[in-house]
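Student: Place chain U on chain G using the hints.
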Amino acid sequence: MITRVLVLTVFIGIVSCQVFSQSSVNNTDYRDVYVGRYLCTCFYQGVDSNQNKLTYHNDTITIYITKDPLDSILIIDIGQNMYQVKLKKEIIYAYPSGNHWGGRLSTNGISFGLSTSMTTMCKYKGKKEPNKKTEK
Amino acid sequence: MAKSQIPANDPAWHLQTGSSEEFNSSLDFTNKWYNQYPFGPLNNGAEYNYPANLIQTGTTLKIKVDTLVPSVHHSPSVYADPDYLGVTYVYQGGAIWSRSKDYHFGYLEISARFPTSYYPYWPAFWLWSKDCSAQPPYTDEIDIAENGAYNSENGYMVGTNYHLHIPGTDCYGPDHSTSDEETKDVPFLLSSGFHKYAIGWWPDRLIWYIDDSPVRTIYDPTGASIPQHAMAAILNFAIDPWYAYLPSDWNDESITPHGNRSPTFFPQYFEIDYLRYYKLDTDCNNDITICTPSSDYSSRAVERSISTGGGCSTTFNTSDSYVLRATDYVLLDVGTTINANGSGYFAIEVAACPE
Chain G
3 MITRVLVLTV
13 FIGIVSCQVF
23 SQSSVNNTDY
33 RDVYVGRYLC
43 TCFYQGVDSN
53 QNKLTYHNDT
63 ITIYITKDPL
73 DSILIIDIGQ
83 NMYQVKLKKE
93 IIYAYPSGNH
103 WGGRLSTNGI
113 SFGLSTSMTT
123 MCKYKGKKEP
133 NKKTEK
Chain U
6 MAKSQIPAND
16 PAWHLQTGSS
26 EEFNSSLDFT
36 NKWYNQYPFG
46 PLNNGAEYNY
56 PANLIQTGTT
66 LKIKVDTLVP
76 SVHHSPSVYA
86 DPDYLGVTYV
96 YQGGAIWSRS
106 KDYHFGYLEI
116 SARFPTSYYP
126 YWPAFWLWSK
136 DCSAQPPYTD
146 EIDIAENGAY
156 NSENGYMVGT
166 NYHLHIPGTD
176 CYGPDHSTSD
186 EETKDVPFLL
196 SSGFHKYAIG
206 WWPDRLIWYI
216 DDSPVRTIYD
226 PTGASIPQHA
236 MAAILNFAID
246 PWYAYLPSDW
256 NDESITPHGN
266 RSPTFFPQYF
276 EIDYLRYYKL
286 DTDCNNDITI
296 CTPSSDYSSR
306 AVERSISTGG
316 GCSTTFNTSD
326 SYVLRATDYV
336 LLDVGTTINA
346 NGSGYFAIEV
356 AACPE
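Respectively, the protein sequence lines represent chains G and U. Numbering-wise, our numbering comes out as the position in the first sequence, counting from 1, plus 2. Numbering-wise, our numbering comes out as the position in the second sequence, counting from 1, plus 5.
Rather than coming from a laboratory, the hints here were simulated on the basis of the structure. Even for Gly, the Cβ is constructed at its ideal location relative to N, Cα and C. Be careful, since some hints might not be right.
Dumping the calculated BS3-like pairs for lysine-lysine here, alpha-carbon to alpha-carbon at most 27 Å [as the list claims (entries may be wrong)]: (1) U:K189 to G:K55; (2) G:K55 to U:K8; (3) U:K37 to G:K55; (4) U:K8 to U:K189; (5) U:K189 to G:K88.
Facing chain G, according to a computed beta carbon distance under 10 Å, are these residues of chain U, among others [stated by the list, open to error]: (6) D136; (7) A139; (8) Y155; (9) N156; (10) G164; (11) Y279.
Isolated chain G (complex conformation) (with noise of 0.2 Å):
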């Protein structure tokens, strides 16, 4: 009799675990840890209006990474400029497509490089901050 309560008992374990097993998988996004707002040094250069210099200066400028509705693609939105992206081993692939920009996201920082344009670039390093909305 031990020996049947014993064995129904492993048994049940067994379903609730991979019960709860399932459950996590299905609510699990591997893009979660990256959401969030995150507040970057910009170091740009750009050509001055009289078109005979390149300028340097740093800025601060925060950028925010959302969920696209697209599974596992993520949003790097910067101003007014926004790209598609798709990470794989914490490196920045753009997506379904892109050019002149590149980099790397962690669940604790992003640098991400960009030519603006033609004669402007902008190298974005910066934290992710804690306890923040992630909407704008």
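Tutor: Chain U in isolation, oriented as in the chain G frame:
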């Protein structure tokens, strides 16, 4: 057969010879072109630019990119990043940049062979102008054919883009400029031969053309989202820094690696057969009535309004190629006849005055 109202099909366009280039003779680097960027050998690519990479064959201009041996160290940092002590350039490229901002509306076209099959190739044909002291400040750019990274590797795609200043932002700030890139598929390998890449630019619209066919249109009757200022023309061949293999001092987590792509794809060339700039005559304050269409193309201009028929019997024959262009309206009144009796065409175009 549909035909675009472009210079290839419409002699009313006038070639601006002073702002065009056939590349049949030595380029005028004293008065017409800079032989590199006017601000020096560096721009936002991963290449160091040299005039020696502008190769004039007698019929074409070939802009070369290559590895750079020995490399060139540039300091202070190109990124204004205090953690950097400068970077080492291991690639070289080239650019020509018009000394005058001669390009202001009209039709601008190159015939060119673009390089393909390698991610970091970044050749481009573009227009640019910026004035941060103007009120309001502006940064205008039209990228007529800009192929970086994915486009260059793929070989069957052409990048189009344009940029405008975002009102209220710092003219030199990181987010001062809009960007609206679209990639267009083409049915040929870009490096397989010469093809035409062009922009039709009006105050209220931009139309990109590839081999005489429109591939993208931006229309804004207010003109607010269309570049409005005269610009310089640029042809260059760069290395896309976000995809290239670079020395360790670029330190770069901002770069997306794309497989094991050793620099065995050099030298490479962006070859241009010609650059041609066309404009239409304008007469935008006049209203005209056409009774007897003239076959004299030189008399055709953009008018405020054009009326036909009415008290006249006006006949257009498609043995001619006739475009009625007006800023406000074109009225085909009773008495107007269009005879489909030739291989030409008849068209109406109502657009803002391109002057």
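Student: Each of the hints needs a verdict: does it hold here or not?
Tutor: To see whether the hints hold, each was checked on the structure:
no., hint, verdict
1, U:K189 to G:K55, "violated (33 Å)"
2, G:K55 to U:K8, "violated (44 Å)"
3, U:K37 to G:K55, "holds (20 Å)"
4, U:K8 to U:K189, "holds (20 Å)"
5, U:K189 to G:K88, "holds (22 Å)"
6, D136, "holds (5 Å)"
7, A139, "holds (8 Å)"
8, Y155, "holds (4 Å)"
9, N156, "holds (6 Å)"
10, G164, "holds (6 Å)"
11, Y279, "violated (21 Å)"
Violation of the numbered hints given earlier is confined to hints 1, 2, 11; the remaining hints are satisfied by the structure.
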